[in-house]
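Full structure from sequences and hints, please.
Number of protein chains: 2
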Amino acid sequence: MTYDFWYWDGIPGRGEFVRLALEAAGIDYRERAREPGATAKTVVQDMKSDRAQPPFAPPYLQAGNITLGQTANILLYLGEKHGLAPDTVAGRYWVNQLQLTIADLVAETHDVHHPIAASEYYEDQRDEAVRRAANFREERIPKFLGYFERVLNGSDGPWLAGGQRWSYADLSLFLVVDGLLHAFPRRMSTVAARCPKVMALHERVAALAELQDYFASDRRLPYGDGIFRHYPELDAE
Amino acid sequence: MTYDFWYWDGIPGRGEFVRLALEAAGIDYRERAREPGATAKTVVQDMKSDRAQPPFAPPYLQAGNITLGQTANILLYLGEKHGLAPDTVAGRYWVNQLQLTIADLVAETHDVHHPIAASEYYEDQRDEAVRRAANFREERIPKFLGYFERVLNGSDGPWLAGGQRWSYADLSLFLVVDGLLHAFPRRMSTVAARCPKVMALHERVAALAELQDYFASDRRLPYGDGIFRHYPELDAE
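Top line first, the protein sequences correspond to chains Y and F.
Its first residue numbered 1, the first sequence is counted upward by one per residue in full-length UniProt numbering.
Its first residue numbered 1, the second sequence is counted upward by one per residue in full-length UniProt numbering.
Keep in mind the hints are simulated off the structure, nothing from the lab.
Check each hint, because a few of them may be wrong.
Note: identical chains are not told apart, hence a pair may lie in one copy or across any two.
[Claimed, not checked] Derived pair list, reagent style BS3-like, types lysine-lysine, alpha-carbon separation capped at 30 Å: (1) 81 - 48; (2) 143 - 48; (3) 81 - 197; (4) 197 - 41; (5) 48 - 197; (6) 41 - 143; (7) 143 - 197.
Okay, here's the thing in structure tokens:
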């Protein structure tokens, strides 16, 4: 079965967390918003179409007659169906738990540049963003990455959930670290020294053989005006 | 097995989403932070204790030798283990998806009064909160509750996931609506007319026979300085 994957075109966004899992596992999918003639309107129309279980927002995945919304939920499904997470009871919930913590970090990263309203311009909430960014840099980045460092220290292998194979949460941690390096290069230059295992995981995923074709392709978009944005005024050591 | 449940004492907080499921299903649990002699320090010490799978933050649930963190993850586990969600593949992911959308609304509700930093006083970010609250009232509350109204319109029963029995997502939707009624009574007075099925679900859960003992007990705390706070300056029709 080929999955139909729906996300806004033009930015990697939250869709990228799903895309990395699909690409790394070699799962067939169609990127519906990037097909010829598709526009943002195509996505909006599909979202409004008649479904018993409508998604709240992209990304969502059409898997036969099941529509899966919410990034962590899509990954939970793909993880179970395609073996991208341990199949023990404890391992399954553990990877889901890690993914939800990554999702919290992603949401906070977005809100740094949009602390007032996602629907308003950054320029109209820059003063508030500067305030929020200071707290994010000083408290939140170290807290989250310190947590994942602790998890990796307790793991019996090089990956978050242990063992010798990556899970979808490893791909997601790679992406959020990669995005933070892009958005907050000065802050990350000082935080990185305190979380060497997190940084090593980032390098390890970047080098995964199964992702090299994707990374070299035009399917991988630059961060642009998505979640991970580099505004020099929001960054500092 | 009696579960050990960990959350900060003093507010319902995110812990309440788990508590409602435990109480409504008659599941045995110990509220560890409310035992004699327990303080916030007790929770912090437990969080720092040696675990292969440490939680990032409360709430978390100790289920034998499995520690489950992240509200939606705990509920997914309880739902599967105790039949608090449909046991079909489609139904299981659907309820998880709904719960994650509720979690997004909960996080946004919190950030209305803390748009700059969760660790700073409301009074020190009130100006920003006033700005964020306007967007939350005008765009976000209608968008989220409108979505759940659409879901209920498409359901084959009175509950979010259909059928004649509530799922844990129904309990959570009740709580967030109840919290919004507390925090934004003026705004909710105008939004309620547009989402009658959501409001009816709120009434239906409030009247559930299996929750009356809990609601009458001192285990149910007032909203206080938790997620759902009533600041008149943040509310308007």
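Hints and how they fare:
In this assembly of identical chains, residue 81 and residue 48 lie within 30 Å of each other by CA distance solely inside one copy; the values are 27 Å within and 34 Å between copies. For the identical chains of this complex, residue 143 and residue 48 are inter-copy neighbours only, at 13 Å across copies versus 39 Å inside a copy, given an alpha-carbon limit of 30 Å. For a Cα distance limit of 30 Å, the shortest separation of residue 81 from residue 197 inside one copy, 29 Å, qualifies, whereas the shortest one across copies, 34 Å, does not. Taking the closest pair of Cα atoms, residue 197 and residue 41 come within 30 Å of each other only across two copies (29 Å); inside a single copy the shortest separation is 42 Å, beyond that limit.
In the homo-oligomer, the alpha carbons of residue 48 and residue 197 lie at most 30 Å apart only across protomers (19 Å), although the nearest pairing inside one protomer, at 43 Å, exceeds that limit. Taking the shortest Cα distances, residue 41 and residue 143 sit within 30 Å of each other only across copies (18 Å), while inside one copy they are farther apart (39 Å). Taking CA atoms no more than 30 Å apart as the test, residue 143 paired with residue 197 passes inside one copy only; the shortest distance there is 15 Å, against 40 Å between copies.
Going down the numbered hints, you'll see the structure goes against none, and every one checks out.
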